[in-house]
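Participant: Chain residues, written in single-letter form:
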Amino acid sequence: MRTDWTIYVSFLGAGLIMLLPRNAKNLIRWVALLTGVTGLGIALQNYIAYNGWIAANQPLKDGFWHLANAAWIPSLGARYHLAVDGLNFPLVLLNGIVCVTGILFSWNIEERVKEFFAFFLTLIAGVYGVFMAMDLFLLFVFYELAIVPKYFIIAIWGSTRKEYGAMKLVLYSFVGSAAVFIGILAAFFAGGGQTFDMLELARNPIAREAQVWVFPLIFGGFAVLAGMWPFHTWAPTGHVAAPTAASMLLAGVVMKLGSYGCLRAAMLLFPSGLVHWHWCIAWLGVIGILYGAAVALVQKDFKFIIGYSSVSHMGFVLLGLATLNRDGMSGAVLQMFSHGIVASLLFAVVGRMVYDRTHTRQLDELGGLSKTLPFACVTFVIAGAASMGMPGFSGFVAEIQVLIGAFKMSPWLAAAAALSIAVTAAYILNALHKVFYNDEQAPAATHRLPRITVPEVVAAVMLMVALVVIGLYPSAMLDMIQANVDIFLKGMP
Amino acid sequence: MSVGYFQIFRALSSETTLVLVALGVLTLDLVAGRKREMAKRREIAGAAALFGLAVSALPLIWQMGLADVPLPGATLVVNPLTIIFKFALIALAALTVLISVDHDIGAHVGEYFAMLLFGAIGMLLLVSSEELLTIFVALELTSISLYILTAFHKNSLRSQEAALKYFLFGAISSAFLLFGLSYVYGLTGATNLRDIGMALAGKGADPLLAVGLLCVLVGLGFKVAMVPFHLWAPDAYEGAPTPVTAFIATGSKVASFFVLVKVLMVGFAGAVGSASWCGWQSGWAMVLGVTAAASMLLGNFAAIVQHNVKRLLAYSSIAHAGYILIGFVAATATGATAVLFYVIVYALTNLGAFGVVAALAPRAGGNEMKRFSGMAKRAPFLSLLMLVFILSLAGIPPLGGFFGKFYLFAAAVECDSQHFGLLWLVALGIVMSVVSLYYYLVLMKHIYVLPAKDDSRIKTPGYVNAALALCAVGVVVLGVFPERILALLKTLVIRL
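Listed in order, the protein sequences are those of chains A and B. Per this note's numbering, residue 1117 is the first one in the first sequence, and the count goes up by one each step. Per this note's numbering, residue 5 is the first one in the second sequence, and the count goes up by one each step.
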């Protein structure tokens, strides 16, 4: 099946779940899991085929595999155009992985199971759509479609200040998409008002003066969701309020919607605007990296640490994208994938393995979990190592590339960004020590805890395998990314 | 040009049928209903009204052969555009009848449905006329029927207050309209919109025209509830029986916007003006640009603090009038197309939303938002439909509301794609949509997130569910496949 079936399968799954009786909780879970696995299977199978295609230097049409391309609303020039290339295929795969593992980590949800998985799969379908859409209008439709379910998932199943966190997240996203909306309309009509197709728009870029003000609208609008400093404040509160699967999705996939939108809808379409603004973006990225890491260092809430670390790591993505060279940009795309996996794993440990059992996330109230929850400890060590950029994990490959790219742009940028690696190590090790070791201070409540369940183990292993495979064999992903980055750089003015 | 009675009858056949049906419903209720209990009476009268509406839709098919033949003085116009809108209005009336059957409307069942049909007749006439006097008479027929319907909760003080307010404001605005029309007639010597348009072409600024135009805008602005002529709307919406609210908010809006398109774009085509950022020119586009901005601002910000669902929807509909006016400000064929498309989507959506309120509020104990807490558990199906309607109002894809808004904004940007002169209005509209999302989500939070005080299931009749589901399907289809109707409207509007 073609890759675009991931979208339809997810929608079908959501629809099917809505028809099931609300008391058949296990049936609902299994249907959701089956949907997720089917989606991942389709994505993975096609990914491998595409990888082989690239490795064998087979021809691509404009650098894409086109999946669907039909007139949708001719009177507006909107097409139903889906395609995959090296820039979005890793993210499609990421979405599949996070979907399956998210469902597994949500296995213990007992309240309103049916609605949970229906919203969850709708969100997943929307995200698949955003990643594959090659029409600006279609991309925007999927993008907004993905925002609403997040509100309900967080507000209904979340914890700490959930209604506030949910509303903040959705309003921030919508302020961002309002800017994108204005930018899209302006770009559309400045380009002649004929088509929303991004390949066409990229081929005939609009006048430089227009690009200079349209680009920041679209880039900034998407960057809100990517957690770019100073628009990042929704991210920690949203992550903390969200239930485990939703924080996994938020940090793992939804933030990538933002950075992917920046890349696909802003950078590829308005190269002159990009050149005009890229220093600004690079420094905002670096500020985000350092700010996120520094704030994470002083947090007392386990989940806030991970939330701010996401802001920090997404800064690497923005920095890499802004370098405008091969290493930096392909590192940025790889970092999107890598951080998606790492953040999912970290949130799974914090939210599902620890919080659901101990009912606290305060560092002071935890301790000694390495004895009671050894599997959680192992998972956290591995995810933490990947987060710190330990060689052997995907995070290392991605961040080193970004740093090389940044160094080529300016050694100062690279130096400032590299500083964060030490800070990251500090907050990860600090959390590791306080939560999992520090035995003498361990409160009595943490002595006896329910054991880690099978779905958790399966999901955690899946994520760890992904980390290690890409860490040890990065060319499985880097080659296809670099192929498309090269195409892009060749077309730069 | 001689036109036979037969042709006039053919052009008026739907309206004639509806008059007969309305009288029939009155008689039927008098003869067969008096002794029965209320629910049964409503069912009988409702079924008759529904049947009548279905029959009145048939002649429209017959009229297609008559397309584009104007009757003398354009008192009655039959063309594909009017036929589409008559279909839409009949459908809206039918859906209103369906949700009314389930609603407590007091002891005067026959009169209620008859009034509903009279209102519908007025709307049909409004759509099919291009002549000032007929427009005015049709507008009055609609309005008076709606004033009466608003007061139908005889024992409720709010309903009486609402009706009186609605009536007083309406009467004054009618006076303005008539006064303005007299100036226009005096200036041009014509009552036919096309003749007026021709007479005004190239006349330039004329103080008399300005007075006439402003008075017409006041009169019609009241009907579409744009700021600053909106004051009646929240009270009338809240006080009226909810199905009537639905009809006021949808049927009457559709017809009024349709007539506004014709009056402005055909009759006053010479007095457009501009609301462009760097090139303000006096004319109706400038006036509407300002009122559009004011409507969006006031409607959205006032809606934030509402606790009553009907009032919230009332303010939201003021805001939506603002969005729709953006299409007028563009003053192009695309703008008119966008207005007409949005009006249809908007009507379906709002009818659905008010329909859900009409079905659930009496069973939940009131219209306050807190009564809707936990509704997702108590009435899952209607809650899901409400989610669709509210998200469409908020402009979330892939629903009709999103696409309608997109097209409106696109039309405004397109009309001056060199300088983007209307981008300020579009940007305001988009930012206000974000504001609107807040209060829509608060409403959805009550329905989906908050727990209910009382967990008992709410059962609603199947025909109400079916009617509302139909609206929801329409909203989705118009959002996902807008091309057919859009292309159709586009070709028809250009012929205007």
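No lab work stands behind these hints, which were simulated from the structure alone. Misleading hints may appear alongside valid ones.
Sample of chain A residues with no beta-carbon within 12 Å of chain B, all distances over it, derived [as the list claims (entries may be wrong)]:
hint, residue
1, Met1117
2, Asp1178
3, Ile1189
4, Ile1272
5, Ala1282
6, Ala1295
7, Leu1301
8, Lys1524
9, Met1525
10, Pro1566
11, Ile1568
Heads up, incomplete: computed chain A residues facing chain B, CB under 7 Å, no partners named [unchecked claim]:
hint, residue
12, Val1291
13, Ala1294
14, Gly1309
No experiment lies behind these values; they were computed from the predicted model shown. C-beta atoms are modelled at their ideal positions from N, C-alpha and C, and glycine is treated no differently.
Participant: Hints first: check each against the structure and report whether it holds.
Facilitator: Here is what the structure says about each hint:
1. With 12 Å as the threshold on Cβ separation, the claim that A:Met1117 sits away from chain B holds: the shortest Cβ distance comes to roughly 22 Å.
2. The claim that A:Asp1178 lies off the interface holds: its Cβ sits roughly 26 Å from the closest Cβ of chain B, which is beyond the 12 Å cut-off.
3. Separation of A:Ile1189 from chain B is inadequate, the least Cβ-Cβ distance of about 5 Å not exceeding the 12 Å criterion.
4. The beta carbon of A:Ile1272 is not kept farther than 12 Å from every beta carbon of chain B, the shortest such distance being approximately 5 Å.
5. Not every Cβ of chain B is farther than 12 Å from the Cβ of A:Ala1282; the closest lies at roughly 8 Å, contradicting the non-interface assignment.
6. Not every CB of chain B lies more than 12 Å from the CB of A:Ala1295, the least distance being 8 Å, so the non-interface label is violated.
7. A beta-carbon of chain B is positioned within 12 Å of the beta-carbon of A:Leu1301; the least distance is around 5 Å.
8. Look at A:Lys1524: its CB is around 38 Å from the nearest CB on chain B, clear of 12 Å, so calling it non-interface holds up.
9. Listed as outside the interface, A:Met1525 is consistent with that label: its C-beta sits roughly 33 Å from the nearest C-beta of chain B, beyond the 12 Å cut-off.
10. Every beta carbon of chain B lies more than 12 Å from that of A:Pro1566, the smallest distance being close to 27 Å; the non-interface claim holds.
11. With a cut of 12 Å on Cβ distances, A:Ile1568 stays outside the contact zone with chain B, its closest approach being about 30 Å.
12. Against a cut-off of 7 Å between C-beta atoms, the interface hint on A:Val1291 holds, since the closest Cβ of chain B lies about 6 Å away.
13. Because the beta carbon of A:Ala1294 sits about 5 Å from the nearest beta carbon in chain B, less than 7 Å, this interface hint is met.
14. Given hint, A:Gly1309 at the interface with chain B, holds; its Cβ is 6 Å from that chain's nearest Cβ, closer than 7 Å.
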